[in-house]
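Colleague: Sequence:
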Amino acid sequence: MIKKCTYFILVAVLSHGANASSDEKNTQTSKEKSPCCHPRAQNNEVDKKSNATESPFERFFTIGASARFRYEVRDDRDYNSAVNDQSEFMGNRIRLDVSVHATEYLTAFIQPQFSRVWGQTSSTTNQAGTVTTGALTSGVLSDPTFGMHQAYAYWKICNKAALKIGRQELAYGDHVVLGDVGWNNVGRSWDAGKFIIDLGSKHKLDFFYATQAEKDTSSGIIVGNADIAGAYASLRYDKFFQEVDLYSIWLRDHRAGSPSTFHFGTFGLRLKYKKNMIDGRLEAAVQLGKAAGSTMVAWMVDYEEGITFDVLQGLRFAFGYNHASGDDATNGRYTRYHAMFSTAHKWMGLMDHLGRQNIQSGIAKVKLAVNKQWNTGLAFHSFWRVQRSDLIYNLVNNSVVAGQGATPGTRDKHIGEELDLVVNFSPKEFIQFQALGGIFLPGNYITKNISNDWSYFAYLQSTFIF
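Numbered by my numbering, the letters in the sequence shown go through residues 731 to 1196 in order.
Do not rely on the hints blindly, as some may be mistaken.
Claimed, not checked - The calculated lysine-lysine pairs, modelled on BS3-like cross-linking and capped at a C-alpha distance of 25 Å, are:
1) K1076 / K1143
2) K1143 / K1095
3) K969 / K1020
4) K1076 / K1097
5) K934 / K1004
6) K969 / K932
7) K932 / K890
8) K1004 / K1076
9) K1158 / K1097
10) K969 / K1005
11) K1143 / K1004
12) K1002 / K1095
13) K1005 / K1097
14) K1076 / K1020
15) K932 / K1005
16) K969 / K1004
17) K1095 / K1076
18) K1102 / K1004
19) K1002 / K934
To be verified - Distance windows between CB atoms, simulated:
20) G849 / Q1043: 38 to 44 Å
21) L935 / N1101: 37 to 43 Å
22) L1171 / W848: 29 to 35 Å
23) A891 / M1007: 37 to 43 Å
If you are wondering where the hints come from, they were derived from the structure by calculation, not from laboratory data. Note that CB positions come from ideal geometry on N, CA and C, so glycine has one too.
Make a model of the complete structure from these sequences and hints.
Modeller: What follows is the structure, given as structure tokens:
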């Protein structure tokens, strides 16, 4: 009750908005003085001329939009060509970005979204890449639904602090722990509040709280609920280590059981560096707390190192390694890493077969920018289990890849290899085309537990930005 009352009081008091990546750009400094604020500097002559030609509409509204269309086809995701599981469909995502600048320090932002699979009422596919069923909405007297991806208020309290509250994206670093899943035609957003502190010198500290599930029951105040809270420090430098992030994120998920299904903290460090031709990133996190009634101790590491040569517009070679712990059934603790809410698509293979649980992989990449319009990339992944006593999992946390038994039927760790080829073409700055072809070759673990046929995935995508 206290949590809810506090939430409603905050909602009643606050407001703002700008898009998720440009809050600070779209908000001007407040004229009001406070202990952490300074009087606003007077406009120079250029500012005066700009204001003179700016229309009233432009002063109060900022509008943008994007439209994306993608044709996808998958085959043999179950690694069994004897079963017809081919899936092919056309999907789209159209967004309108509207910022309303109520005052110099107060803005509201809304992002309506029209996302769907053509010929169906549902806008999404499931985690296996299969189109969900639904009533017809094309060529009949029924329209598809129109959603709201983001809708929040942004209050610039002073020069060093701001509050953002409402439905919003939570994405940090390389999206290894918290990501917006931008590749998906819906994407991930949260019902959340975020307090932003400007630490100066391009450093920032965020405190956030988000509710994932709220279920009022007579059993208890938190039974059936799921929420996260955290602190994320983003430090930026002009030296070798250009980005240094520190974070602590607490997850409490009581949806599937009581007293505790998941109740743990994720404590992590992220580094991103560049020196001449060399670039790289490293992220590591440990999870401590309770899971399924047991003490939880789990961890992950994500590493990539690259070198870029001055060939055409840039030729980059990179290698990497991922590791996410699995559950050891013999030690009495829960040791399987929880993938949190990442954008796994970016780092775990573009075919989206596997999630970041009980897995390790070696990665090799090459990317060539032919010119400003054309670039292409090739990525190779080799996947292996970490714990022989644990299964393999898809993108949904603790959701096993279909076809396995209750326990692994073999001690083999080799899951398989994935090869992805991507081609990008951008004839104009606001028009982008992308094509992908992917192949997954099952290893000994899959061939002995599921089946032994290759899996395929391809798509053609166009994006228009307004």
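Colleague: Decide if the proposed pair is consistent with the structure: K969 and K932, CA atoms, cutoff 25 Å inclusive.
Modeller: 13 Å, holds
Colleague: Please verify whether K969 and K1004 have alpha carbons no more than 25 Å apart.
Modeller: 8 Å, holds
Colleague: Starting from K1004, check that the Cα of K1076 is at most 25 Å away, please.
Modeller: 20 Å, holds
Colleague: Are the Cα atoms of K969 and K1005 separated by 25 Å or less?
Modeller: 9 Å, holds
Colleague: Would the pair K1002 and K1095 pass a check requiring their Cα atoms to be no farther apart than 25 Å?
Modeller: Cα-Cα ~18 Å, so holds.
Colleague: For the pair A891 and M1007, does the Cβ-Cβ distance stay inside 37 to 43 Å?
Modeller: For M1007 against A891, whose Cβ atoms are near 40 Å apart, the range 37 to 43 Å holds.
Colleague: Given the proposed pairing of K1002 with K934, does the C-alpha separation stay at or below 25 Å?
Modeller: The hint holds at about 16 Å.
Colleague: Per the hint of 37 to 43 Å, is the separation of the Cβ atoms of L935 and N1101 within bounds?
Modeller: About 40 Å separates the Cβ atoms of L935 and N1101, which means 37 to 43 Å holds.
Colleague: Going straight from one Cα to the other, do K1143 and K1095 come out at no more than 25 Å?
Modeller: At roughly 23 Å apart (the allowed maximum being 25 Å), K1095 and K1143 satisfy the hint.
Colleague: Would the hint linking K934 and K1004 be met if the CA-CA limit is 25 Å?
Modeller: 21 Å, holds
Colleague: Between K1005 and K1097, is the straight-line Cα distance small enough, at 25 Å or below?
Modeller: 19 Å, holds
Colleague: With 29 to 35 Å as the target window, see if L1171 and W848 comply at their CB atoms.
Modeller: 31 Å, holds
Against the hints set out earlier in the document, violations occur for numbers 3, 11, 14.
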